[in-house]
Amino acid sequence: MAISILGAGWITSKGYGTVKLCEEHLFAPDETLYTVAKNGIFNRPVKNFGRLDRLSRITLAAVSLALRDAGIDSSPEAKKDIGIVGTNDQGSLETDTAYFRDFVDNGRKLARANLFIYTLPSSPMGEAAIHFGLSGPLLYMAGAGRSLANVMVTAAEMIAGAESALMLAGMTCGDEGIYAVIGESKHGGICSLDTVLKSAAGDADLEKIVTTIRSLKRGQSE
Amino acid sequence: MLTPFGAGADLCFESILAKQCAVANVKRFNTAEFTSRIAATIRDLRYHGETSLVMQMFERLFASSCPGIPADAALLLATTKGEIDLLEKSLLGKGGDPGESRLDRLLARVTALTGAKGPAAVMSAACTSSSAAVGRAAAMISAGKSECVLVVACDCVTEFIYSGFSSLMALDTAPARPFDATRKGLSLGEAVAFSLLMSEERAEREGRNILCEISGWGMGDDANHMTGPSRASEGLISAIQRALSSASVSPAEIDFISAHGTGTNYNDEMEMRAFRALFSDTTPPVYSVKGAIGHTMGAAGLIETIIAMKSLQAATVPPTVNLQCPDDDAKGWVSSEPVPLKRAKRALVANSGFSGVNTALILNLPTVKA
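The listed protein sequences correspond, in order, to chains D and U. The first sequence begins at 1422 in our numbering and counts up one residue at a time. The second sequence begins at 214 in our numbering and counts up one residue at a time.
Everything labelled a hint here was simulated from the structure, so no lab data went into it.
Think about it this way: if two alpha-carbon atoms lie no more than 27 Å apart in a straight line, the pair counts; the simulated DSSO-like pairs of lysine-lysine are:
# : chain 1 : residue 1 : chain 2 : residue 2
1 : U       : Lys358    : D       : Lys1629
2 : D       : Lys1607   : U       : Lys358
3 : U       : Lys523    : U       : Lys232
4 : U       : Lys307    : U       : Lys240
5 : U       : Lys330    : D       : Lys1619
Covered stretches of chain D, going by a simulated chain U footprint (3 or more residues, C-beta under 8 Å):
# : region
6 : 1510-1516
7 : 1531-1541
8 : 1547-1553
9 : 1568-1577
These numbers were taken from a predicted model, which means no experiment stands behind them. The beta-carbon is built from N, C-alpha and C at its ideal position, and this holds for glycine as well.
Start from the sequences and build out the full structure, keeping to the hints where you can.
This is how it looks when you write it as structure tokens:
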């Protein structure tokens, strides 16, 4: 089965963009992900966006951009047979530390449920599933080193195995994130996943994958 | 596997059949400020010692059992919080680096312990982590990507985890009573387990004793709420339908169901709604092991898969320990006594977790070849 990338969205500390739609927005000096969330990245408000942990905010933004790039309705009311598999560079270390430090600071008596629920490494994908109505498989993966290519391959295997019609596969790293919508090539798409993975062989990290997809897209347009 | 009953699947299965409950007062940390005082823990582990709880459990597990792990086996490590006690220890000023609690570090340690040298990855999907990993392992073998995959699962009871579940008001003050009308929450538990999955050809070539086949798997998300299950059960229904479809079997061919059965009102209600939607024609027996060993979180799926395998082999459905008065929607499905089976060929293992994740696995007794 031929698998393609149908759309992709990325966000960094400098800006955000899409690949198929060729959007690219650089943050102005007074702009951040939080300030532009309402008018550029999401097509409807994200409940409690400011209270989410950093990785969940980046994941939501990248997923929103990827769905838009693939031309997929992102409303939660329209539940979609789309799964999500993601990775990051540190697991839930940041939210684990925030939760337990807060608990210790409160004399080990008061624990905050709203911090605890983000201590699962799969929580950012869970937030995305809820906000965008993704009803397919949901999985966090990690391995030795950066493993964006690994999650893309796993997502492709899930499609090939009829575990989901479409999959979102992506990675967050520091203040950066990318998610791609992956599906059978019959749905169209920017480029084949095989081509991306071969072109970005080796330590296929976030920047390399984004660069590769964009250059393949440019080559297709020329 | 290593559970609060001790080492080995037989011991755990026999203890559940005998309706024993391993849930007891927690001595590992102070529970005075929490909504409960009990959990199912493994004896003689050193909390905040030189090594983490799960590594002590793994060392005990692999010392007690020699699984003959092939060097080329791929490794899937399933967990929710792994060595979170290392982070606690560091933040409480007892030494160490909180970064050592990262799951990729645990993966490296488990890889070294097992000797599996194939591709390795952490799989985490809340309390469905290890059933998701079993499904991925089966998919990898089915697709010809691997011949042999070692699935390893773990989670432990620590102050971090206990305080979190307490803050969610999810803990019962008494041992969990899954599917009981008076249930009031879950009991936490801890366990480690492994399972070696192989292609049929490879297993036969190596003369392995095939205990069970994973013939179907599926995942589905409620896309509804971070901690509360869907009131329509659509995620679990979808996961089960996918698993049945991938196994090419109908609901009528399922002989019993190993439920997630946490003992919380919402989870058990959601599950029974899904089972009623799909299996009302045949009403296969349903049970939960969590009254006996607690909710072992990321390890639950693999532990319950192994217990379901033992149930298939024994042609006996285990009792739901602590069940006294089944809730209305579970009457006629669950039992406080072991139930002998007329037909024990195929089982469904269902699990659910935070973020609305759901998994379903179909297990078969191996086909006897003429």
